[in-house]
Amino acid sequence: MLTKRIIPCLDIKDGRTVKGVQFENIRDAGDPVELAKWYAQQGADELVFLDITATNEGRKTFAQLVRDIALHIDIPFTVGGGISSVADVEVLLQNGADKVSVNSSAIKDPQLVAELARHFGSQCVTVAIDTKYTEATGWKVYTRAGTIETEYATIDWAKKVVELGAGEILLTSMNNDGTKAGFALDITREVANAVTVPVIASGGAGSMEHFADAFLKANADAALAASLFHFRELAIPDLKKYLKEQGVAVRI
Amino acid sequence: MNLVIVDYKAGNVQSVQFALERLGVQATLSSDAETIKAADKIIFPGVGQAASAMAQLKTRNLDKLLPTLEQPFFGVCLGMQLLCTHSEEGNTDLLNIIPLPVKHFETDLKVPHMGWNQLEHLQSPLFDGVEEKEYVYYVHSYYVPLSEYTIAQSAYPEPFSAALQYKNFYAAQFHPEKSSSVGSQILKNFLAL
Chain A
205 MLTKRIIPCL DIKDGRTVKG VQFENIRDAG DPVELAKWYA QQGADELVFL
255 DITATNEGRK TFAQLVRDIA LHIDIPFTVG GGISSVADVE VLLQNGADKV
305 SVNSSAIKDP QLVAELARHF GSQCVTVAID TKYTEATGWK VYTRAGTIET
355 EYATIDWAKK VVELGAGEIL LTSMNNDGTK AGFALDITRE VANAVTVPVI
405 ASGGAGSMEH FADAFLKANA DAALAASLFH FRELAIPDLK KYLKEQGVAV
455 RI
Chain B
650 MNLVIVDYKA GNVQSVQFAL ERLGVQATLS SDAETIKAAD KIIFPGVGQA
700 ASAMAQLKTR NLDKLLPTLE QPFFGVCLGM QLLCTHSEEG NTDLLNIIPL
750 PVKHFETDLK VPHMGWNQLE HLQSPLFDGV EEKEYVYYVH SYYVPLSEYT
800 IAQSAYPEPF SAALQYKNFY AAQFHPEKSS SVGSQILKNF LAL
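From first to last, the protein sequence lines stand for chains A and B. If you count by the numbering used here, then the first sequence holds residues 205 to 456, one letter each, in order. If you count by the numbering used here, then the second sequence holds residues 650 to 842, one letter each, in order.
Do not rely on the hints blindly, as some may be mistaken.
Okay, derived cross-link-like pairs now, DSS-like style, lysine-lysine, Cα gap no bigger than 27 Å in a straight line [stated by the list, open to error]: (1) K448(A) x K782(B); (2) K837(B) x K241(A); (3) K363(A) x K752(B); (4) K837(B) x K364(A); (5) K384(A) x K217(A); (6) K752(B) x K445(A); (7) K752(B) x K264(A); (8) K241(A) x K782(B).
It is worth saying that the hints were derived from the structure and are not from the lab.
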């Protein structure tokens with residue numbers, strides 16, 4: 205049976221993990237490769253690395269880092285951040301990334317999604333959607349790291365990118381992100397049920413119950429979290445054991 | 650051992666090479682007919698789209714060469730599908746080594762079939778040391794139905810061929826290079842054939 209995926213997300217700046225990640229048993233918690241290996245051993249099903257570097261120099265460091273990660277871990281990983289062309293993706297895939305995630309550049313030029321799918325196949329194109337709810341607008345898509353509201357209703361944009369060739373959607377609720385109050389179950393369910401590709405729930409994870417809700421109530425195919433794992437508030441083996449007891453198919 | 654990974658610009662050959670490096674094995678990447686012919690064992694990876702992968706093989710005349718090989722050969726993911734006769738993906742004629750079709754998943758479940766799924770009915774030395782129902786990583790939208798050449802299966806929701814063997818041609822629909830310790834074991838087993 206296909207299992208639900210648990211995905212830790214690491215933010216990378218100039219080749220190092222950001223946020224004060226705290227781990228015992230790890231020589232250098234700022235070293236993304238060390239962290240990635242540790243997560244793989246813990247039973248993470250996939251990893252996501254987001255490059256938040258703004259400089260060209262940093263981007264080159266990131267490509268080198270992708271190669272290092274690919275050499276050292278034996279589970280799939282997605283890379284994102286600042287990808288805006290076929291050439292960008294080519295470098296990352298050639299260095300061993302399994303999937304890439306695009307966000308603002310897809311809003312700016314939706315045909316990029318089609319172009320990437322045609323060049324590399326839908327299976328390696330994840331579209332990241334940042335969404336925010338207000339009473340006046342409903343769930344809308346935001347761009348530029350969540351700073352600018354777009355014209356798109358979330359559900360319409362999700363359907364559109366899948367039509368264009370996205371193989372997966374990474375849906376982050378800005379209302380929930382950082383709250384630890386749980387994933388945005390309503391919009392996650394709505395998107396998961398509206399598209400034919402897998403949907404990763406993101407933003408708001410604070411407890412094991414929240415993951416169970418994302419899978420059982422919102423029909424998500426995967427769930428992503430960052431600080432909850434990085435600060436060891438939740439250990440992946442405990443989480444998976446709990447999910448299994450709740451009737452969620454997980455890889456243990 | 651002279652191990653060659655067929656490099657035909659269709660997919661992430663790097664991941665396979667890295668997985669072998671983790672096992673302490675150096676492999677040569679090549680699309681050169683003589684180099685491939687001289688190999689003791691050959692790995693044939695692939696991700697992406699069937700028609701464009703076939704076009705890449707034809708450009709390099711590999712569509713003529715690969716069916717004639719007699720050494721242990723391991724097709725992975727799209728590399729497995731390309732060994733078959735015909736794919737529904739882009740209505741594409743394939744290498745026609747293994748007389749089987751490649752079909753699109755027709756299901757209410759999400760497509761691509763993406764993530765970790767269980768191996769069952771293991772029946773090959775390729776799976777020595779691998780238990781029934783262990784997990785491997787998949788990403789694909791097309792599949793090969795069960796057949797007399799199936800040596801392992803998974804279900805989504807109906808059972809399909811997780812792995813095939815036809816003469817010296819072994820193949821896996823999943824990604825052993827991304828399937829943690831189970832995948833490493835399978836690669837090791839192929840190297841030991």
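Verification of the hints:
1. K448(A) x K782(B): holds (15 Å)
2. K837(B) x K241(A): The hint holds at about 20 Å.
3. K363(A) x K752(B): With a Cα-Cα distance of about 24 Å, the restraint between K363(A) and K752(B) holds, given a limit of 27 Å.
4. K837(B) x K364(A): violated (43 Å)
5. K384(A) x K217(A): Answer holds: K384(A) to K217(A) is near 24 Å, not above 27 Å.
6. K752(B) x K445(A): violated (35 Å)
7. K752(B) x K264(A): violated (40 Å)
8. K241(A) x K782(B): holds (24 Å)
When the structure is compared with the earlier hints, violations turn up for hints 4, 6, 7 and for no others.
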